[in-house]
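Enquirer: Now for the letters of each chain:
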Amino acid sequence: MTKAAELAKMGEVLTNSQIGGRRNIVINGGMQISQRGTSETGVTSGQYADAPDRFKVEMSSAGTWTVSQSTTAPSGFSNSYKFDCTTADASLGAGDYLQLSHYLEGQDLQHLKKGTSDTEKVTLSFYVRSNKTGTYIVEFYDADNSRSISKSYTISSANTFEKKTITIDGDTSGAFGNDNGGSLGIFFYLGAGSNFTSGTLNTSWGSRTLANVAVGQVNLADSTDNEWYITGVQLEVGEQATPFEHRSFGEEQNLCQRYFYKWINTGLDDNFNFYSPYSPAQVSAGLPNSSAICPMTFPVTMRASPTMATTISGGTLNRQTSTPFGFVAQMGTTSTGTHYPTQYLADAEL
Amino acid sequence: MDYDKITVKYYKEDDGSNSTKALKVIYNETVYSVPTDPANRHYAAILEWAKIDGNTIAEAD
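If you're matching them up, the sequences are chains A and B in order. In this text, residue positions in the first sequence follow this note's numbering: the first is 1, and each later residue adds one. In this text, residue positions in the second sequence follow this note's numbering: the first is 1, and each later residue adds one.
No wet-lab data here; the hints were simulated from the structure. Nothing here was measured: the structure is a model prediction, and the numbers come from that model. By construction, the Cβ of each residue, glycine as well, lies at the ideal position given by its N, Cα and C atoms. It cannot be assumed that every hint is accurate.
[Stated by the list, open to error] Subject to a maximum C-alpha distance of 35 Å in a straight line, what follows is the list of computed DSBU-like cross-link-like pairs (lysine-lysine): (1) A:Lys262 - B:Lys21; (2) A:Lys151 - A:Lys132; (3) B:Lys12 - B:Lys51; (4) B:Lys51 - B:Lys21; (5) B:Lys51 - B:Lys9; (6) A:Lys151 - A:Lys164; (7) A:Lys151 - A:Lys3; (8) A:Lys113 - A:Lys164; (9) A:Lys164 - A:Lys56; (10) A:Lys56 - A:Lys163; (11) A:Lys56 - A:Lys262; (12) A:Lys151 - A:Lys163; (13) A:Lys121 - A:Lys163; (14) A:Lys262 - B:Lys51; (15) A:Lys164 - A:Lys132; (16) B:Lys9 - B:Lys21; (17) A:Lys113 - A:Lys163; (18) A:Lys56 - B:Lys21; (19) A:Lys113 - B:Lys9; (20) A:Lys3 - A:Lys163; (21) A:Lys121 - B:Lys5; (22) A:Lys113 - B:Lys12; (23) A:Lys121 - A:Lys164; (24) B:Lys5 - A:Lys113; (25) A:Lys164 - A:Lys262; (26) B:Lys21 - A:Lys151; (27) A:Lys56 - A:Lys3; (28) A:Lys121 - B:Lys9; (29) A:Lys56 - B:Lys9; (30) A:Lys113 - A:Lys56.
[Claimed, not checked] Derived Cβ-Cβ restraints for the label pairs, each shown as a range: (31) B:Asp53 - A:His111: 39 to 49 Å; (32) B:Gly54 - A:Ser60: 18 to 28 Å; (33) B:Lys5 - A:Thr72: 50 to 60 Å; (34) B:Lys5 - A:Phe249: 57 to 67 Å; (35) A:Glu162 - B:Glu59: 24 to 34 Å; (36) A:Ile293 - B:Pro38: 22 to 32 Å; (37) A:Thr336 - B:Ala44: 36 to 46 Å; (38) A:Gln343 - B:Gly54: 30 to 40 Å.
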């Protein structure tokens, strides 16, 4: 790029107010945080898998996959989200699909001014790699108003990370709710049956018509040779894809823990244990029961009251309540002087 | 979570009444505590699940 072109581009970026402050709306776009685990085999249905946080596998009858946090990544990145096909489905049924989704809260999207006359354009950029070249689709789905827009990109060179940039117009219809609900979904399609592909790709915002959301999408599930990687996912206001905003590991981890947190207890040396309150002195004092409670505060206020999955070694949980701030678990009965190592998962994903 | 394969029960409060704060959900031999928060995606799905004939929230153990 010539100096003049560089200056022109800089002026364009400045004009579009893309300099300064937080730019990337996507959380964990660099795929660094993987709290659930780093690899999961046998994935056949939609779930937040043991792979990078905040990205969800969405699928219906589209083969079997191993998904993982991969260390295969373009220069400047440590990780990517990887799909590896282990059982193929060369002929997807009409309603079958496979995609990687990322949902964002409406209250984090108010500056897009969606649903107003001065709505903003936004630009999505990412690095993608696959052995399977061809056309892929990204859908932007407004979950509050059931509106969507789709764009295609092409993987041109096999087994090489390519940077892709997609800019979409603002939408003058349908405001995002200013709340903690999932308002915008970004869907990276990897396969889609005819229910999603039989129409014309909807490249302008409009009411969502299923047949128009993924027209032209290749079927990544058609061979066990197939794999697909993505990282450096960035969504920002404006028409320019600025360099990926690398946040610190700790900052990104905190952002992820608003949606998911996992405590693994490895033994009595850890500081999260139920401990029976039932000491011999209490027994002799005639205290009424041997139940025990264990309150915990989450490291980050969560998006909503999370679903809890708590396991207690050697004991049984009989009741549990959670709030965005923490939870209280209760054991109905404990034995005198006994520690009960405990672990939990807290899930407030969108 | 495959909602065709879940069992949902109430938790019991100390006074014996059904808790209004959370539900006990058993799926794949794992016990989940799902708070009655409309913003929780599992609770929202259980509300839809409960509308289907034959799906009921069982009394506490």
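Enquirer: Now, for every hint given, state plainly whether the structure supports it.
Expert: Comparing the hints with the structure gives:
1. A:Lys262 - B:Lys21: holds (22 Å)
2. A:Lys151 - A:Lys132: The given pair, whose Cα atoms are some 18 Å apart, holds under the 35 Å limit.
3. B:Lys12 - B:Lys51: holds (23 Å)
4. B:Lys51 - B:Lys21: With Cα atoms ~20 Å apart, Lys51 of chain B and Lys21 of chain B stay inside 35 Å; holds.
5. B:Lys51 - B:Lys9: With a Cα-Cα distance of about 15 Å, the restraint between Lys51 of chain B and Lys9 of chain B holds, given a limit of 35 Å.
6. A:Lys151 - A:Lys164: Holds - the C-alpha atoms of Lys164 of chain A and Lys151 of chain A are around 11 Å apart, at most 35 Å.
7. A:Lys151 - A:Lys3: holds (31 Å)
8. A:Lys113 - A:Lys164: holds (25 Å)
9. A:Lys164 - A:Lys56: holds (20 Å)
10. A:Lys56 - A:Lys163: holds (21 Å)
11. A:Lys56 - A:Lys262: Status holds; Cα separation ~17 Å.
12. A:Lys151 - A:Lys163: Cα-Cα ~15 Å, so holds.
13. A:Lys121 - A:Lys163: Holds. Lys121 of chain A to Lys163 of chain A sits at ~19 Å (cutoff 35 Å).
14. A:Lys262 - B:Lys51: Given that 35 Å is the threshold and the Cα spacing comes to 32 Å, the pair holds.
15. A:Lys164 - A:Lys132: Holds, at about 16 Å.
16. B:Lys9 - B:Lys21: Distance ~12 Å between Lys9 of chain B and Lys21 of chain B Cα, so the pair holds.
17. A:Lys113 - A:Lys163: holds (27 Å)
18. A:Lys56 - B:Lys21: holds (27 Å)
19. A:Lys113 - B:Lys9: violated (42 Å)
20. A:Lys3 - A:Lys163: holds (23 Å)
21. A:Lys121 - B:Lys5: Given pair Lys121 of chain A, Lys5 of chain B is violated - Cα atoms ~43 Å apart, limit 35 Å.
22. A:Lys113 - B:Lys12: violated (46 Å)
23. A:Lys121 - A:Lys164: holds (17 Å)
24. B:Lys5 - A:Lys113: violated (41 Å)
25. A:Lys164 - A:Lys262: holds (33 Å)
26. B:Lys21 - A:Lys151: Given pair Lys21 of chain B, Lys151 of chain A is violated - Cα atoms ~43 Å apart, limit 35 Å.
27. A:Lys56 - A:Lys3: At roughly 42 Å apart (the allowed maximum being 35 Å), Lys3 of chain A and Lys56 of chain A break the hint.
28. A:Lys121 - B:Lys9: Cα-Cα ~47 Å, so violated.
29. A:Lys56 - B:Lys9: Answer holds: Lys56 of chain A to Lys9 of chain B is near 27 Å, not above 35 Å.
30. A:Lys113 - A:Lys56: holds (26 Å)
31. B:Asp53 - A:His111: 39 to 49 Å: holds (45 Å)
32. B:Gly54 - A:Ser60: 18 to 28 Å: holds (23 Å)
33. B:Lys5 - A:Thr72: 50 to 60 Å: violated (35 Å)
34. B:Lys5 - A:Phe249: 57 to 67 Å: For Lys5 of chain B and Phe249 of chain A the Cβ distance comes to about 37 Å; the hint is violated.
35. A:Glu162 - B:Glu59: 24 to 34 Å: Taking Cβ atoms as reference, Glu162 of chain A and Glu59 of chain B lie about 57 Å apart, which means the hint is violated.
36. A:Ile293 - B:Pro38: 22 to 32 Å: Since Ile293 of chain A and Pro38 of chain B have Cβ atoms about 26 Å apart, the given range 22 to 32 Å holds.
37. A:Thr336 - B:Ala44: 36 to 46 Å: holds (42 Å)
38. A:Gln343 - B:Gly54: 30 to 40 Å: Since Gln343 of chain A and Gly54 of chain B have Cβ atoms about 34 Å apart, the given range 30 to 40 Å holds.
Comparing the model with each earlier hint shows violations of hints 19, 21, 22, 24, 26, 27, 28, 33, 34, 35; every other hint is respected.
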